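Take a look at the letters that make up each chain.
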Amino acid sequence: MARVEGFVEADNAEAIITRIEHKSRKIESLLKQYKPVEALKTALEGSPPMTRDERCKSANWIVVHRALMAIKDVEGMFASLDPEYYDILMKYLYRGLSTGDRPTCEQCLRIHEKLTERAGLGCILRCLADTVNTV
Amino acid sequence: MHVLQKHDQIVSGIDWSAKSNQIVTVSHDRNSYVWNHEGAEWVPMLVILRLNRAALCVQWSPNENKFAVGSGAKTVCICYYEQENNWWVSKLIRKKHDSSVTSVAWHPNNIFLATTSTDGKCRVFSTFIKGVDKRESKAGTSDSKFGEQIIQLDLSFSWAFGVKWSPSGNTLAYVGHNSMIYFVDDVGPSPLAQNVAFRNLPLRDVIFVSEKMVVGVGFDCNPMIFAADETGIWSFIRFLGERKISSSPSKHGSQGGTGTEFLSRLADTGTFKFFIWDHF
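Taken in order, these protein sequences are the chains called A and B. So for the first sequence, UniProt numbering puts the first residue at 1; every next one is plus one. So for the second sequence, UniProt numbering puts the first residue at 1; every next one is plus one.
If you're looking for bench data, these hints aren't it; they were derived computationally from the structure. These numbers were taken from a predicted model, which means no experiment stands behind them. Some hints here could point you the wrong way.
[Stated by the list, open to error] Which residues of chain A face chain B? A partial, calculated answer using Cβ under 8 Å:
#1 A13
#2 A15
#3 G120
#4 L125
#5 R126
#6 A129
#7 D130
#8 T131
#9 V132
Glycine included, each C-beta is placed from N, C-alpha and C at the ideal position.
Just chain A, with the same shape it has in the complex (with noise of 0.2 Å):
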């Protein structure tokens, strides 16, 4: 399979992981503020992708996991997200179920339905084709 290659250093994960707190305080400011789409899109722009360190993956999984456990509306949301985000999103849904834990499963599996008839079994194959900029 590919080799992988520019991968990020331990000094520079800290700077990634201070983005991700400043990520973190904006999305709730944008959840108080009753806009949780808003809030999705902030969490999964600029996911870590060439990284290997797990602290950064999991910074900006739990930004993400709250974003998405705020969704009430998964109809809604598809209407004003754009099709760029869905590859990255069926990434963290598959991260989300395999946490096991109740109630993320469950938010993530009512998300996956919609998102799989919006994006196509392609979006799945894509997520698990991809071992390189895995979440």
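With chain A fixed as given, assemble chain B onto it according to the hints.
Leaving out everything else, chain B in the frame of chain A:
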């Protein structure tokens, strides 16, 4: 009807040269045969590929004086005919591939060869052979020697299949196992790559219908048409099997599993020859 029986294992690749009327076959048994039609019979000639793994794909070059074989040994064999000894010689490209070579495609200039591999990359090599190919006076091809890598495209994170050149040789298309198709224009020092994601199960092979239109086939058993618009942006147009509302139902077959029906109609035009992996 002729039965060409010589291989011991699965015949993984076959190509028929239109002008010289020769069939080349390659197999998992690591061998290749070139079949010549002599009288009423097809006579095989063994080609020693020097492989220690299965051969996976084969294609005649445009001038039909060479053929390329991709293999599970992470090598590509370029075979040419030596008149003095009346046999086919195999030259190996051993470098660069990290995994099985799934597909090979010849550029119209008979020298450049594109390969795709399960290491996710698509590469273009020079297969210039002294005595077989003529040196072109153009500066671009003057410093290419056999086995030299011209370009490596690292667009896919998963297995790559089905590479093809456009009729002019300007554009390259190949598919990834991640439900994506990649188009690369101006293959050379500064290529222009486009990644097109689609909704369906991955494709396995593609064919250029024209400079701006490609048909892809894959695990959905439903051929897909991609085309480039005036600005050169490639996108999915529609499935081959979709009917217009006005046509009568008796003309077309049923929707499911008819990838082969439509493709056999295409094959009748004599311009296409490609394979669907029906057993999936």
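Here is what the structure says about each hint:
1. A13: violated (22 Å)
2. A15: Violated, because the Cβ-Cβ distance from A15(A) to chain B comes to roughly 25 Å (cut-off 8 Å).
3. G120: Cβ of G120(A) sits 3 Å from chain B, so the hint holds.
4. L125: Hint on L125(A): holds, closest Cβ of chain B at ~4 Å, below 8 Å.
5. R126: At 5 Å from the nearest chain B Cβ, R126(A) passes the 8 Å test, so the hint holds.
6. A129: The hint holds - A129(A) has a Cβ within 8 Å of chain B, the shortest such distance being about 4 Å.
7. D130: With a minimum Cβ separation of about 5 Å from chain B (threshold 8 Å), the hint on D130(A) holds.
8. T131: Hint holds; T131(A) Cβ to chain B Cβ min 7 Å, cut 8 Å.
9. V132: Holds - the Cβ of V132(A) comes within 8 Å of chain B, reaching about 5 Å at its closest.
Against the hints set out earlier in the document, violations occur for numbers 1, 2.
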